[in-house]
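> Spelled out, the chains give:
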Amino acid sequence: KNQVEQSPQSLIILEGKNCTLQCNYTVSPFSNLRWYKQDTGRGPVSLTIMTFSENTKSNGRYTATLDADTKQSSLHITASQLSDSASYICVVSEWVGYGGSQGNLIFGKGTKLSVKP
Amino acid sequence: DGGITQSPKYLFRKEGQNVTLSCEQNLNHDAMYWYRQDPGQGLRLIYYSQIVNDFQKGDIAEGYSVSREKKESFPLTVTSAQKNPTAFYLCASSISTGGLSNTEAFFGQGTRLTVV
Chain A
1 KNQVEQSPQS LIILEGKNCT LQCNYTVSPF SNLRWYKQDT GRGPVSLTIM TFSENTKSNG
61 RYTATLDADT KQSSLHITAS QLSDSASYIC VVSEWVGYGG SQGNLIFGKG TKLSVKP
Chain B
1 DGGITQSPKY LFRKEGQNVT LSCEQNLNHD AMYWYRQDPG QGLRLIYYSQ IVNDFQKGDI
61 AEGYSVSREK KESFPLTVTS AQKNPTAFYL CASSISTGGL SNTEAFFGQG TRLTVV
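Residue numbers (my numbering), protein chains in the order written: chain A, 1 to 117; chain B, 1 to 116.
Worth flagging that the hints you see were computed from the coordinates, not collected in a lab.
One or more hints might be untrue.
If you only want the chain A side, here are some residues facing chain B, beta carbon under 7 Å, derived [as the list claims (entries may be wrong)]:
hint	residue
1	Gly16
2	Phe30
3	Arg42
4	Gly43
5	Pro44
6	Ser46
7	Lys109
A quick note: this is a predicted structure, and the numbers were derived from the prediction, not measured.
Glycine is no exception: its CB is placed at the ideal position from the N, C-alpha and C atoms.
Please model the entire structure based on the sequences and the hints provided.
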């Protein structure tokens, strides 16, 4: 069964510190992996998208890595800010073959990050 | 502004009533999706549409209905048959392309539905 597992479920860090969030998946065949940031009561906003050939991708203080062999991804946040407090969702897209439309997105349950002053 | 708009932000429904959630996009995207989000769970797909006048059931379609009469609009009706409708509902859209999918999914701001 296609699954996306995230850890930890929740995390509290002090402002200015770094942190790393983990995502393991069993989705096959794999198309791409996305990280989203979701503020409370708002819709998710995309941070990065990576295909199987990409090992790392950055978006400002956010850096995502992907190991397609071990089916693991991480999201590293550098020099955290209070505004980083949110849920971070890992989403994996299935590959549906050439000529097909976009495959299903399989969502993780998210990691709730709290940044304290 | 280009984007995807959901309305209303908050919605209250009496038991036994049908309610319709609005989703509009001006991104010229072919594909639109409805997801349900419950506390502690990942987003679950209700319905999706890849083209006008066509839509497919997702994983939890029972008690919901949709229409796609226009490319820009994908309203979701929560019917009285949905036994546990209180949730946060998210609409999304993306360019529907063939082949290797590297397309972005853009989400609306969500509608929180509460049954009273």
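> Indicate, hint by hint, whether the structure satisfies it.
Status of the hints after comparison with the structure:
1. Gly16: Cβ of glycine 16 of chain A sits 29 Å from chain B, so the hint is violated.
2. Phe30: Nearest chain B Cβ about 11 Å off; hint violated.
3. Arg42: It holds, given that the least Cβ distance between arginine 42 of chain A and chain B is near 6 Å, below 7 Å.
4. Gly43: holds (4 Å)
5. Pro44: Hint holds; proline 44 of chain A Cβ to chain B Cβ min 5 Å, cut 7 Å.
6. Ser46: Check passed: Cβ of serine 46 of chain A comes within 6 Å of chain B, closer than 7 Å.
7. Lys109: With a closest approach of 5 Å, the lysine 109 of chain A hint holds.
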